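Trainee: Protein chains in written order, with the numbering used here: chain A, 13 to 438; chain B, 48 to 177.
Since the hints were derived computationally from the structure, they do not count as laboratory data. Hints may be right or wrong, so weigh each one.
[Said to hold, decoys possible] Anything over 10 Å on all C-beta distances counts as not near chain A; from chain B, calculated:
(1) Thr-62
(2) Ala-69
(3) Glu-77
(4) Arg-89
(5) Ser-108
(6) Arg-115
(7) Val-132
(8) Ala-136
(9) Gly-163
[Stated by the list, open to error] So the derived label-pair ranges between C-beta atoms look like this:
(10) A/Ala-107 with B/Glu-63: 20 to 30 Å
(11) A/Pro-239 with B/Thr-75: 51 to 61 Å
(12) B/Gln-82 with A/Pro-323: 36 to 46 Å
(13) A/Gln-129 with B/Gln-82: 34 to 44 Å
(14) B/Ala-69 with A/Ala-107: 34 to 44 Å
(15) A/Arg-357 with B/Ala-69: 38 to 48 Å
(16) A/Gly-304 with B/Thr-55: 45 to 55 Å
(17) B/Gly-117 with A/Glu-103: 45 to 55 Å
This structure is a prediction, so every number in the text was calculated from the model and none was measured. Ideal placement from N, C-alpha and C gives every residue a C-beta, glycine not left out.
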Amino acid sequence: MTAAAVHLTADEQRMLEGADGPAVALAMRVLIELAKASGAEDFIPITRAHVVGCFYTGQAGVDFAQRLIDLKAQVRVPTTLNTGWLNLRNEGPRAERPIAAAARLLMDLYAQMGCAQTWTCAPYYLPERPAYGETIAWGETNAVAFANSVLGARTNRFADFTDICAAIAGRAPRCGLYLDENRLAEIVIQVDKLPFDVLDHDACYHLLGHIVGRLAGDRVPAIDGLPPDVDEDRLRAIVSIAALTGSLKMMHVVGRTPEAADLDAATGGRQIAEVHSITLDDLTSAREILTGPGTGRLSAVCVGTPHLSLPEFKQLAERFAGRHVHPGTVCYVSAGRFVHEAAQRLGYVGEVERAGVTVITDTCTYYSGYLDDVEGTVVTNSAKWAFYAPPNIRVDVRLATLDECVDSAVRGEVVADDQFWRVIAA
Amino acid sequence: MAVGSANTFEVLRLTEPLNFWAGLDIATGEIVDRQHPQHGQRVTGKALVLPPGEGSSSNTSVLVETVRVGTAPGVVIIQQHDPIVEVAAAVAREIYGHGLDVLIVSRQTYEELQTGASFVRPVERAASEE
């Protein structure tokens, strides 16, 4: 069985033949294989890229980046970089290990290709975020889902190798979420049974996202019944965990997200056969799944997965003001460099650092060695962290509200007294 | 590409999706995910039949790593196009000069390929590859 040929423009044909250099030709060869395997008939120009291949997963990733550098690769569109394996600014606990050298080299190779050293999993907080309808090529599961859902930009989910090839060629196979028809909702998830005081709590959106991902799988859901002014941080909480429990790349929130002025707009006017209704019981069971057996002993508090937004940084600074992290524990907050600098100017970084919080940029606590020696339970407000960390670094985790995270850090013990949990368990 | 007599491969069929990143020992080619039905089997040199559906996107890197260290499957067999696997083959070819052989087969052939059986790659395709 052979794939249908991919149609190339005259320019693309010349790129494939090496007119723009051997690196562009290599990128085109890989993208043509991706296009064939994805059922794309041709390519679409992209305006920017976000690359995840800069995270070290093995020597092959380094070999590929080195090969591109040897061929003098440069990105053709503005390109940002996802988190790396280590914190370049303050190399942290694993800097002495042999693979740290390879991880650092890999990050350096991507910088040499002309990518901006953003090192963040939240590229939508960088200046000049993608516009509605803009065609981009992003990697990183949460960023892809945020761009499609909240910004109305268009991207498929790029991964190692294909992300940098799209950046070098300035092209992506035209398929998937670049096409109008694939952006319409296929299932409806109603949340009108959830009381207002539950929907008014940040933690609700982490639990909701866990459920949405499981129900939607790789389909596009329309969530109906959320408040029309639900903020970006809450939408982000939904997509960042739903991208892991399912492989969500786009959702609509009726009356809130840009392609869902009403339910008809989200579905394209089609009748949707599969409709789910979320109950308080669903939220409670999601919380149970996301919370480990628990030893009761606090080892660390981790906030900022995906990397913190500026409003979240402000909330954290307000809650830590005048308090101090207990000497028997550690509290890590992860943010991108850009948000970190803005938070510095606004005094948030000073406030949390005076409280004894450790602020980390460039990487994430669930793979960078910060928690290698901890024993006991990690408290986090992020469903994504709670989902990812146990298999990655074998820690026990408890999903908590932001207030509980701060109280746990200050008291040096697992605090789980938020009214929210009683409300959803009622 | 398989070399020598290698148009015949022993079949290893994955009956459930495998997250290669967590579940495959790249150095030995052994499936080390204890929860996986094929735990303990080696993929190296086999006709590896993958289950349908989109695998983890990290599987691409792991497959390229197996090519690098020489523990790759002899041929990967799928029933439908799979960007994860086909990109791995393209990238391995670019950096190591030899790919990962990927074959898309008919539904009937796909279903007949059970672990332990022999798979003979169609000669015509083998001759046209590299």
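Trainee: Take the hints in turn and mark each one as holding or not.
Mentor: Status of the hints after comparison with the structure:
1. Its beta-carbon lying about 20 Å from the closest one in chain A, B/Thr-62 satisfies the requirement of being farther than 10 Å from that chain.
2. Once the 10 Å rule is applied to beta carbons, B/Ala-69 is inconsistent with being away from chain A; the minimum gap is 7 Å.
3. No Cβ of chain A comes within 10 Å of the Cβ of B/Glu-77; the nearest lies about 17 Å off, and the non-interface call holds.
4. Against chain A, the non-interface label of B/Arg-89 holds: every CB pair exceeds 10 Å, the least being about 19 Å.
5. B/Ser-108, annotated as away from the interface, has a beta carbon of chain A within 10 Å; the closest lies near 5 Å.
6. The claim that B/Arg-115 is not at the interface with chain A is violated, since a C-beta of that chain comes within 10 Å of its own (minimum 5 Å).
7. Non-interface status of B/Val-132 relative to chain A is broken: a Cβ of that chain comes within 10 Å, the nearest being about 8 Å off.
8. The Cβ of B/Ala-136 sits about 7 Å from the closest Cβ of chain A, inside the 10 Å cut-off, so the non-interface label is violated.
9. A cut-off of 10 Å between C-beta atoms confirms that B/Gly-163 is not in contact with chain A; the least separation is 25 Å.
10. As the Cβ distance of A/Ala-107 to B/Glu-63 is approximately 38 Å, the hint placing it in 20 to 30 Å is violated.
11. Roughly 53 Å separates the CB atoms of A/Pro-239 and B/Thr-75, a value that falls within the hinted 51 to 61 Å.
12. The hinted range of 36 to 46 Å is satisfied by B/Gln-82 and A/Pro-323, whose Cβ atoms lie roughly 40 Å apart.
13. Restraint check, A/Gln-129 to B/Gln-82: a C-beta distance of roughly 39 Å satisfies the suggested window 34 to 44 Å.
14. At roughly 25 Å, the beta-carbon separation of B/Ala-69 and A/Ala-107 lies outside the given 34 to 44 Å, and the hint is violated.
15. At about 41 Å, the CB distance of A/Arg-357 to B/Ala-69 agrees with the hint of 38 to 48 Å.
16. A hinted range of 45 to 55 Å holds for the C-beta pair A/Gly-304 and B/Thr-55, which are about 48 Å apart.
17. With their beta carbons about 33 Å apart, B/Gly-117 and A/Glu-103 fall outside the hinted range of 45 to 55 Å.
Consistency note: the structure conflicts with the earlier hints numbered 2, 5, 6, 7, 8, 10, 14 and 17.
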